[in-house]
Amino acid sequence: MVKIKKLRAEHVNADYIRTINSNLTKKHIKFAKKGPTKKSKHDLVNYIKNLPKNEYLYGVFVRDTHVANFKFSKLKNKLFIGFLVFIKFQGKGIIKKNFPKILKLTKKNFYKYKKLYLGVDTDNYKAISLYKKLGFKRVPNSKREMSLKL
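Numbering (the numbering used here), first residue to last: 1 to 150.
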């Protein structure tokens, strides 16, 4: 059974810490790039407890195991989403299988928004492929942004 929960400090686990410190994550996730080179449990707990008011962080739990996060950010009248699947769960379709639940939550909690945006590095081919399968399309005149009509 899969549950989506608002992320709390007690959800930080070894898989989350390992993933946030991986080279691939550091390349693509802004939080992983900032501050200390290696993030500790304390760093992640502080991050969760001190999220800016325009950001909302959720966890994906499969049979009570925390396997992924996604974050909404309200930026300049746009709603952005970002995903982080923990290393040992990557390639298992976690986001693809649970995207209908994520979309339902999006429409319920962010009903004023007509589009959902995300940023993706142009060389992150696996992510781009996934996002296209989920229905995201490239934003004209943007190298990194994709959007999905809600």
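Keep in mind that the hints were calculated from the coordinates and are not lab data.
Here the structure is a predicted model, which means the values were calculated and not measured.
Misleading hints may appear alongside valid ones.
Quick list of in silico lysine-lysine cross-link-like pairs, DSSO-like style, CA-CA up to 27 Å [stated by the list, open to error]: (1) K126 - K114; (2) K112 - K71; (3) K115 - K133; (4) K88 - K114; (5) K97 - K34; (6) K143 - K30; (7) K101 - K114; (8) K115 - K88; (9) K30 - K96; (10) K5 - K96; (11) K112 - K137; (12) K41 - K143; (13) K143 - K5.
What are the numbers of the hints that this structure violates, sorted from low to high? 4, 5, 8, 12, 13
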